[in-house]
Structure formats: structure tokens, C-alpha cells
Amino acid sequence: MKRVNLTTLILLLPGFAAFFGLFFYPMLVTVLQSLRPEGQSTGWTLENYVNFLTQPGARQVITLTFVLAVATTLLSILLSVPLALVLREKIRGHRIFRLAILVPITVPGLVGALGLLLFWGSRGWVNLFLVQFIPFIKEPLRFNYTIHGLILFYLWHYFSYTCVTTLATLEGLDRSIEEAASVAGANRWQVLRHIVLPLITPGILAGSVITFMLSFGAFSIPLVTGGNYRPLAVEIYTQIGVPIPPRWSLASAMAVVMAVLQIAFLSVYMRVLRRPIA
Amino acid sequence: MNLARQYLRAVWNGRTLLIYTFLVSFLLFVISPFFMIGLKSVGKNWFGRMWFPPTLTTDWFRWAVEVTRIPEILKNTLVIAVLAVTISTLIGIPSGWAFGRRRVPGKELLMALILLPRMIPPITFALGVARIFYRLDLVDTHLGVALAHVAICAPYAILVLSSTFEGLDERVLEAASVCGANVVRTFFHVTLPMVLPGILSSIIFTFTTSYNEFTLTLMTYGPHTITLPVRTYLAVGEGYWEVSSAMSVILIIPSLLILFGIQRQVAPEKLVGGFKGV
Numbered sequence: 002m003k004r005v006n007l008t009t010l011i012l013l014l015p016g017f018a019a020f021f022g023l024f025f026y027p028m029l030v031t032v033l034q035s036l037r038p039e040g041q042s043t044g045w046t047l048e049n050y051v052n053f054l055t056q057p058g059a060r061q062v063i064t065l066t067f068v069l070a071v072a073t074t075l076l077s078i079l080l081s082v083p084l085a086l087v088l089r090e091k092i093r094g095h096r097i098f099r100l101a102i103l104v105p106i107t108v109p110g111l112v113g114a115l116g117l118l119l120f121w122g123s124r125g126w127v128n129l130f131l132v133q134f135i136p137f138i139k140e141p142l143r144f145n146y147t148i149h150g151l152i153l154f155y156l157w158h159y160f161s162y163t164c165v166t167t168l169a170t171l172e173g174l175d176r177s178i179e180e181a182a183s184v185a186g187a188n189r190w191q192v193l194r195h196i197v198l199p200l201i202t203p204g205i206l207a208g209s210v211i212t213f214m215l216s217f218g219a220f221s222i223p224l225v226t227g228g229n230y231r232p233l234a235v236e237i238y239t240q241i242g243v244p245i246p247p248r249w250s251l252a253s254a255m256a257v258v259m260a261v262l263q264i265a266f267l268s269v270y271m272r273v274l275r276r277p278i279a
Numbered sequence: 017m018n019l020a021r022q023y024l025r026a027v028w029n030g031r032t033l034l035i036y037t038f039l040v041s042f043l044l045f046v047i048s049p050f051f052m053i054g055l056k057s058v059g060k061n062w063f064g065r066m067w068f069p070p071t072l073t074t075d076w077f078r079w080a081v082e083v084t085r086i087p088e089i090l091k092n093t094l095v096i097a098v099l100a101v102t103i104s105t106l107i108g109i110p111s112g113w114a115f116g117r118r119r120v121p122g123k124e125l126l127m128a129l130i131l132l133p134r135m136i137p138p139i140t141f142a143l144g145v146a147r148i149f150y151r152l153d154l155v156d157t158h159l160g161v162a163l164a165h166v167a168i169c170a171p172y173a174i175l176v177l178s179s180t181f182e183g184l185d186e187r188v189l190e191a192a193s194v195c196g197a198n199v200v201r202t203f204f205h206v207t208l209p210m211v212l213p214g215i216l217s218s219i220i221f222t223f224t225t226s227y228n229e230f231t232l233t234l235m236t237y238g239p240h241t242i243t244l245p246v247r248t249y250l251a252v253g254e255g256y257w258e259v260s261s262a263m264s265v266i267l268i269i270p271s272l273l274i275l276f277g278i279q280r281q282v283a284p285e286k287l288v289g290g291f292k293g294v
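Protein chains in written order, with this note's numbering: chain A, 2 to 279; chain B, 17 to 294.
Bear in mind the hints are in silico, worked out from the structure with no lab data behind them. Note that the Cβ used here is the ideal one computed from N, Cα and C, for glycine as well. One should not assume that every hint holds.
Here are the in silico distance ranges between beta carbons for each label pair [what the hints assert, rightly or not]: (1) 93(A) - 150(B): 53 to 61 Å; (2) 29(B) - 177(A): 25 to 33 Å; (3) 24(B) - 92(A): 16 to 24 Å; (4) 152(B) - 143(A): 40 to 48 Å.
Computed list of chain A residues with no C-beta within reach of chain B, every gap over 12 Å [stated by the list, open to error]: (5) 55; (6) 136; (7) 143; (8) 149; (9) 185; (10) 244.
Which residues of chain A face chain B? A few of them, derived with a C-beta cut under 7 Å, are [said to hold, decoys possible]: (11) 24; (12) 30; (13) 108.
Chain A on its own, in the form it takes in the complex (with noise of 0.2 Å):
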């Protein structure tokens, strides 16, 4: 391998000063505090992995995250896939429908949160349609502070990405191979089914891989909109946040364990992602 030109190097630099003066060092230093005795600076000490990892409420905590974040993903996907479907048709109005579908990721994510709680609380529009217009419903249906509805509000908040890229997908497929099978005698469903959500398989995985990605991490919403459910960020910065003196050495740990969890599901999905579909 030729050596490296000194002037590509001048220009790398600026990129990985951020990345290890923004991003390693500040892990670094959150990694060596997960290692030291509380409120100590020196010292080594694995107590608070142990202390974390032993606590009845850890298991719930981390399990809460993944639920949360699997059930996002997988609404996401089934929200897509007709979603795109219908859209690319070019149907009459499908601008606005697509619009809408970049709301969620330009917004900031409290104000969608707001008016979320707003919009699925018990005096909200959703309640109101349901007591007047559906007979058996007499009283106001909970949705915030619960796991339905922090379920609900992470999929309007991280769905367009799987939407996003399911869409380009699709529109980046060849029609005459739907033609093709169809003129084979295969019908609708089974061009969808055989043909179409094959080819777009990598599409709809790429994008929920951040959908994923993106609940997992979730943080303002949660912090918002959970309620007593607090997923594993919202419970890092409540160690820091509630406790006198903030617990920093045991946000840490557990900021380090959420890294690692993320790290490994993410090369688990990769791994997923690359390999053919059959």
C-alpha cells in the first residue's frame, strides 16, 4: 500500500480532533469514572457495575429499554410498508403525505412530545372521539405514563426513518420485474409477497436499524413523557440529577453498560443486514 499523501492527513485532521476531543475522550473519562469509588477521583473499584448490575430494578430497567425499543422497530415496519406501498403510486395528494412523514424528525422532539401528551391525554382529542363516537367506551382510555402510550409516542417520533428509507427503496425499484412476474401469471399479493418486499427487505432494515438505534437511546421523550417508566437514559441522569451528592461513578456504569448493550445489538443487526435473503 502506497503511504499516505501528508496533505490527505492535514485534511483528516480537523475530523478526528472532534471525534477524540468531542467524543473518545469524554467516553474515556465517563468509562475511568464508572471505575472509581464514588465520589472519588482515585481508586479503582468495580462496585458500582456490581452495584448496578445486582439491584432487582437493573433487569426491569434494561428490559423496559429493549421493549421499547423492539416494539418501535417493529410498528415502525409494519407502519411503513403499506405506508410506501400506497405512497408510491403517486396518488392525488401524496406531497402532503409525504411532508408528514418528515414532521416528526424536523420538530424538536419535546414539542412533539407536548403535544402528544396533550393530544392522547384524557382530555384530549383522541379520548374525546372515542367516549362520544364508540359506544362501549364510557370513560376516558389512559394513555400517558403508560407503556401502550410511551410505545406509541416513540413510534411518532421514530418512525420516518424506517418510513423514509422504505420509500426510497421502493422507488428505486425496477417495475418491469413486477411486470415481468405478473405477465408470469403471479398475482398481486403474490408479486408483493415473492418480488416486491423481498427486494426492498434491505431498505426496511437499514432504516429501522436507526429507528432502533434512535429508541434505544431515547432520552427527552421518555424523560417527558414516561412517567414512573424510565428507560436506562432517563435513569442514568435521574443518578445524577436527584440523588445529593449525584451518584456519578454508578450514571457512569450504567452509561457504559447502555454503550455496550447498543454496540452489541447494533453488530448483531449489521451482521443480519449483510447476510443474502434467501
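Given the coordinates of chain A, work out where chain B should sit on it, guided by the hints.
The following block gives chain B in isolation, referenced to the frame of chain A:
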């Protein structure tokens, strides 16, 4: 059997209706929260089961501007965003050029490394950022908060700009020099107009990221650097829903302007992080 067939045919004929029902429910799911925020911010005495507030008022906006010092907070938010965008673009142009147009050994691995801050939950390295910035007295300064934002803005700028520079056609540049343009002329009349849209979209995306950023701001802000997302969070915590809604309306306007702007300019899949076809 006959009845079933008739039913199926009716459903088939009503397909357009079904599709629109699906699309409109989707649209309502996405944008109704904003209608509720909008109404809440101008409504008075909106309690109980009412679809719309009984009386309108501008009190909450006046409250937001006078008591919570929105103009000052908006200034903070913009100053921080402009700083973060400038720093990220200055990092992104050279490094993006190196990634896009020069031989870099292990390019894909290095790019994955650069993108790592966007894949790992920000709260994990935000703990480290907070501790480092406390030591360096960067907490509660505009530059400090902006630098924290750069951690996640810079990877984005590098990604978008490297694909822009990669798309630059060598032959056009050659044609320019064959036609007798010198280096400076080529740069200003050929290269710059060709890469400007890419730089612009990088600026828009990093601006949106910084403007919406909450986690990293929460870990590095202070009384002098409260940004709009943080203020909205604090207002929600204080329980003033009407005032929070008014603030959200103010917070949301730039996002919507950007949304309408980019819908025409850039492919939406760029917005989701350029992971298309991983």
C-alpha cells in the same frame, strides 16, 4: 359465498376510499399534536370535554415573552446553533474533501468511526463532556454548549460533504482547464457552484440538529445559556402547560420553515442520516 364475493368486490371498489382513510388517519396521527399545542397556546378555560377552547387569549404568549424571557433564550439558541454550524462546517469541508476525493486507507472503517457519536446514545458521552467542561470552565458558555453540539453535528457535516465532493465530476474540472480557466477561476466559477448545494444542505442539517439538541445541552447549560428546548422542558416540569405550548409554538416555527425549504431542495433520505443502502 355469493355474498362474500359481493362483499369483496365492494371492498375492492372502495379501495381508493380505504387508502385515503389510511392516509388521513396517518396524517392525523402525525400532525394533530401540533393542532392541540396551537390551540392550547391561545385557549383559555379549556377544561373538561371540549373539542376547542371556549375563549381565545394571547396571555400565554405575553407570559412566555415577558416572564420566561423568550427573546433572550431565542438569542442563546441561535448563537449556539450558529457557532456549532460554523465549527462543524469548518471541520466538515477539509475532512469531507479527504474522505470524498482522496485515497484514505481503511476509508470505510474510519468513516464508521467518525459516525460512532451518532450511533451511541448521547447521554453516555454527555456524562464525560459535562465533567470535562466543568474542569475547563466551559459549562454555561455559548462556546461550550456549541462545542458539545459539534460532537454530533460534525460527523453529519463530514458525511454529507464527503458525498457531495465525491459526486464532483472530474471531467467538468478538466473541461474548465482545457477551456483556459486558471485554478482560481475554476474554483469560483465551476467547483464552488457545484458543491454549494451540498454545503448548504450540510448547514441546514447541522443547524436543525443543534437547534433541536436537548441531551447535550441539558448536561452543559447554565443560567446564561438556557436554550429553547431546555426552557420548554423546564416549563413542562413546572406544570404550566399553556405557557409551554406557547413556547413550543415559537420553537417550532424555524423547524417548519426548514422543513418546507428542504422538501424542495434535497432528497429526504439524506435527512435520516445517509444510511441508505448500508
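We went through each hint and held it up to the structure:
no.: 1; hint: 93(A) - 150(B): 53 to 61 Å; result: holds, 56 Å
no.: 2; hint: 29(B) - 177(A): 25 to 33 Å; result: holds, 28 Å
no.: 3; hint: 24(B) - 92(A): 16 to 24 Å; result: holds, 22 Å
no.: 4; hint: 152(B) - 143(A): 40 to 48 Å; result: holds, 46 Å
no.: 5; hint: 55; result: holds, 21 Å
no.: 6; hint: 136; result: holds, 16 Å
no.: 7; hint: 143; result: holds, 16 Å
no.: 8; hint: 149; result: holds, 15 Å
no.: 9; hint: 185; result: holds, 23 Å
no.: 10; hint: 244; result: holds, 15 Å
no.: 11; hint: 24; result: holds, 4 Å
no.: 12; hint: 30; result: holds, 4 Å
no.: 13; hint: 108; result: holds, 5 Å
Going through the hint list in order, the structure satisfies each hint without exception.
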